[in-house]
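A.B. asks: Please build the complete structure, drawing on both the sequences and the hints.
Number of protein chains: 2
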Amino acid sequence: MSVFMQDLSQARSAIEGEFDRIFAQLGQEPVHQAMSYACLNGGKRLRGFYVLAGAALHDVDPARAIGPACAIEALHAYSLVHDDLPCMDDDDLRRGQPTVHIKWDEATAVLAGDALQTLAFELCALPAVGAAEVRADLTLSLARAAGAQGMVLGQALDIAAESADAPLTLEQITALQAGKTGALIQWSAEAGARLAQADTTALGTYAQAVGLAFQIADDILDVTGDEAKAGKRLQKDADAGKATFVSLLGLDGARRRATSLVETACDALSGYGDRAESLREAARFVISRES
Amino acid sequence: MSVFMQDLSQARSAIEGEFDRIFAQLGQEPVHQAMSYACLNGGKRLRGFYVLAGAALHDVDPARAIGPACAIEALHAYSLVHDDLPCMDDDDLRRGQPTVHIKWDEATAVLAGDALQTLAFELCALPAVGAAEVRADLTLSLARAAGAQGMVLGQALDIAAESADAPLTLEQITALQAGKTGALIQWSAEAGARLAQADTTALGTYAQAVGLAFQIADDILDVTGDEAKAGKRLQKDADAGKATFVSLLGLDGARRRATSLVETACDALSGYGDRAESLREAARFVISRES
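Residue numbers (this note's numbering), protein chains in the order written: chain A, 1 to 291; chain B, 1 to 291.
Note that these hints are calculated values from the structure, not bench results. Hints are all accurate, no fakes.
Heads up, the list lumps identical chains together, so a pair's fine if it works in one copy or across two of them.
The calculated SDA-like cross-link candidates involving lysine to any residue, where the alpha carbons are at most 20 Å apart (straight line), are:
#: 1; residue 1: K103; residue 2: I159
#: 2; residue 1: K103; residue 2: P86
#: 3; residue 1: K103; residue 2: L157
#: 4; residue 1: K103; residue 2: M88
#: 5; residue 1: K236; residue 2: P86
#: 6; residue 1: K103; residue 2: S163
C.D. replies: Spelled out as C-alpha cells, the structure:
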C-alpha cells in the first residue's frame, strides 16, 4: 500500500474515533443522530487527512490536530446535508445511503447541518488545539473559507448558474469552484502550518492546485464514472446542460489540465523534501479516484 | 427617555452602522442581499445591547465590543431565517415584512442563514476584538450556546414537542426554552465580562433569569398581543395545542413568574451598583414590551 493510502486510512480511523467520542457526548435526540449519521457515512476523509498530514509535516502533536481535522469534516458534512435538501440539489442518495432529509425529515436536516457548522467552530476553538493565537487564527480562517466569500458564495453562484441565460465561461466556473470546493481544501492543507504558526505559502499553493484538479476530476467522473462506485447519481451536470470543465475543455483537455495542476501541486512542496511524499501521492490520487 | 431606551437606541445605531459597513464589502449576489435584509429588518437589537452594555460595565472599549454585538445579532438572524422556512415554522412574515424564502427562494434562505452563522464566528475572531485568548473564548462559548447542546437543541425539542403524544411539562418547557432562546441571551450578557477577561457569574445569573422571563413574556404576548404591533402571527401556539408557560401557569401565574425572575435578574447585578441601571431597566422591559 502507498504511503498516502496508509496515512489516509490512519487519518480515517483517527477522525472516526474522535467523532464517535464527540457524538457519544452529544445526546440521543434525532438531530444528534442525524449529525452523527452525516459525519460517519463512509467519506474518504481527504480534508481531514490534509489537516493531519500538514500538521505532521510541521511536527505538530496529532492530539492538537485531530480537532481541526474533525472540524473540517463536520463543516464538509454540513455543506452536503444542506446541499442535498429538496430546495437545493434534491438528492435522495449520498454514498449509496439515504440522505439526511430522506432518513429523517427536512427540518432535522436543516438543524443537523446548522449544528454541524457550529461544531466545526467549536472544534477549532477547544483548548486542546493549542495556543489561543492558533485557535483564533484557525477560527477566523475557517470562517472566511466557509462563508459568503468562500464556500457559500460558490454554492450560490452554482445555483445562479442553473437559471443563467448562457453557460458559464471557464473563468467563471474556475471562480465558482474556487469557492465551492477550493476554499475548504485550501483551509485543510494550510491548517497544519497554522497549528505550527508557520508560513502557509507552500501548502496554500499546493492546495489551490489540488482543489482545482479535484473539481476537474469530479467533472470527468460525472461523465466517465460508474454510479455504483461513485454512490451517487452521475451525468447530472450534462443532463442539466450546465457548463463543466469537461464541456469547456473537452475530456482530453480536462485530463491534461488536471495532470498539469497535480504537477504544480507536487512542485510546491519541494521545500519539505521526502517528508511531503504522502501529500504528493494525495495530489495524484485526486485525479485517479473512481468516487 | 429612560437610560435603557437611550442605550438601546445607541446600540441599534452602532450595530446597524457596522452591518452596513460589513455588507457593503460582501458583494451583491442574492445571497449577500438576503443576509443584509435578514440582519437589517428592524429588530430591537436586545442581544447586541446586552453585549455592549456588559462591555461598558467592564470599561471595555466599544470598538472591541461591536464585533461580538454584531456576531450575536447575525447568529440570531440566521436562526430566524432557518426557523421561518416551510419545513420549520413556515412563516411568510417577520416583523411585518416578507421572510427571506418568500422574498427570494428557499435555497437562498438556507444559504443566507448558513453564511450568517459563519459571519457570527468570523466577527468574534477578528483581531479588533482583542487578545487571542478573548477571541478564542468568545468563539468557543458562542459555539456551545448556538449548537446541538444549546439553541439548535432547543429548536429540535420544540419541533419534537409538536408531534409528541402529551403536552410538555413545565420542567420540559423550561429546558427547551433555556436552549432555544436562553443560551444566546446568556452568551450576550456574559460577552462583556469575557471581553474584559472578568468573572461572568453575576451577568450569567442575570441572563438566565432574563432569558426565561423573555420567553414567558413571549408566551403572554402570543395570547394577549396585537398582531400589528408584534409584526407576526399570534396565537399560533394555542392554535397548535402546544404547551406554553401560559397554558401551564395560567396568565396571572405566568405574569407573577416573569416579574419574580426580573427581580432575581436585577438583584444579581447589585455588585455593579448604579452603573448597571440600564441592564436592570432592560430586564423590566422584556416583560413590558408589546412586540
